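K.L.:
Here this note's numbering is used: the first residue of the sequence shown is 7, the next is one more, and so on.
Hints were generated in silico from the structure; no laboratory data involved. Just so we're clear, the structure is a prediction, and the values are computed from it rather than from any experiment. You may find that some hints are simply not true.
Said to hold, decoys possible - Computed cross-link-like contacts, EDC-like style, restricted to lysine to aspartate or glutamate with a CA-CA straight-line distance of at most 16 Å:
no.: 1; residue 1: K29; residue 2: E97
no.: 2; residue 1: K29; residue 2: D41
no.: 3; residue 1: K29; residue 2: D49
no.: 4; residue 1: K29; residue 2: D70
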Amino acid sequence: MGATLQPGTGHIAASVYLPSTPKTVLWGRLPCASDEPVLRIGDGVAVTIDTVSHEGLLVDHGSDPLAYFTGHGVAPQDVLTDAIEIVATMERGTDDGPHIVTGPIFVEGAMPGDLLAITVLETAPRVPYGVISNRHGRGALAGELPRGADEVSVFTPVVEGHGRLPVVEGGSRDIAFPIAPFLGIMGVAVAGSARPHSVPPGAHGGNIDINLLQVGATLYLPVQVPGALAYVGDPHFAQGDGEVALTALEASLRVTLRFDVVPAQVAVEQFGLLDGPLVQTAEYLVPTGLHPDLNEAMRRCVRAAIALLRARWGLDEHLAYAYLSAATDFDISQVVDQVCGVHARIRVADFTEVSR
C-alpha cells in the first residue's frame with residue numbers, strides 16, 4: 007500500500023476537497039435540515055473527502071488513537087492527525103453512535119421528490135491497517151460472543167491489498183483476505199431539527215453497510231430537504247454480508263464521489279417511486295429492505311424489488327415475483343445496526359431485450 011494519507015497530502019483526485027475536521031464532522035449523529043452545510047457544490051460536481059474511522063478513537067480504545075495504534079506497532083507518523091484532532095477537540099454524547107460523519111454537503115438544485123445520486127469514483131486507503139471489533143454485547147451472537155465482559159478488537163494489518171489475521175492469537179500463521187473498500191455510511195439529511203442516531207439506517211440512507219458500493223457504484227437516495235445535505239462516513243476496507251461480529255475491517259479512506267440530482271419525473275421513469283436507498287452497479291440494480299426484524303426487512307426488499315421491476319420494465323406483478331424467485335439473490339447487508347438490511351441483486355443484463 008502507498009504512504010499514509012495525512013490531511014491534504016498525496017493524490018487528491020477532485021478539484022474540490024473536503025477534510026474531516028471538528029468543523030466538518032459530526033460524531034455519532036447524522037445531519038438534519040437545520041444543520042448548516044460545510045460545503046456547497048453544484049449538481050454533477052465531484053468531491054474528494056478524507057473520511058475517518060471511529061476505530062481506535064472510542065473510549066474502549068482509550069480515546070487516544072496515537073497511543074492505541076502505536077501500541078500495535080504503528081509508527082507515530084502513520085497515525086492520522088485528523089483522528090487525533092477530532093478526539094482531542096470533540097465530545098461524543100453517551101447516547102450517540104460511534105461513527106464520524108463528514109458533512110453535510112449542499113447540492114444545488116436538489117429538492118424533495120428528487121433523488122440524489124452519489125457515485126463512487128475512487129477509494130484510497132489512508133493507512134495500512136484497520137480494526138475489527140465485537141463489543142457492547144452486540145453482533146449476531148450477542149450474549150454468546152464476546153466470551154468475557156470486555157470488548158474484543160482485532161488490530162488488522164493490510165499487506166499488498168490483503169487484510170491479515172492470525173490463525174491463533176499470537177501465532178505465526180496468517181489468514182489473508184482481499185480488501186474491497188467502500189463507505190458504510192452515505193446519506194441525506196432528514197427533515198426537522200432532530201439529528202438521527204448514526205447507527206440505524208433508514209430511508210435517508212445512513213449506515214446501510216452495503217459492500218457493493220465500491221468504485222463505479224451509485225447510491226440513489228430520496229431527497230428530504232432542499233440541497234439534500236449529503237454526508238458520508240464509516241469507511242471500510244472490507245466487509246462480509248451480515249457484518250456479524252458488529253464491525254468489519256474498519257479503517258479510514260480517501261474517497262472521491264460525484265453528486266448528481268435526478269429530477270423527480272426522471273426518477274419515477276427510471277425507478278418508480280423510491281422510498282428508500284437503491285444501489286446501481288455495472289451489473290445489478292439493488293433495491294433494499296430495512297426493518298428491525300430481519301424477516302420484515304426481507305419482505306420489504308422483495309416488495310421494493312417487485313415495484314422496481316414493474317416500474318422499470320413493466321412486468322406483471324406475479325411475473326416479477328416469479329423472476330425474483332428464480333433469478334435474483336437476496337443478500338443480508340447487515341444484522342448488527344439495530345435496523346437490519348437486506349438487498350437484492352437484479353441482473354440488468356436479463357432485461358436487455360425488454361423495451362421500457
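K.L.:
Look at each hint and say if it fits the structure.
P.N.:
Okay, the hints, checked on the actual structure:
no.	hint	result
1	K29 to E97	13 Å, holds
2	K29 to D41	12 Å, holds
3	K29 to D49	24 Å, violated
4	K29 to D70	20 Å, violated
Comparing the model with each numbered hint stated earlier shows that hints 3, 4 do not hold.
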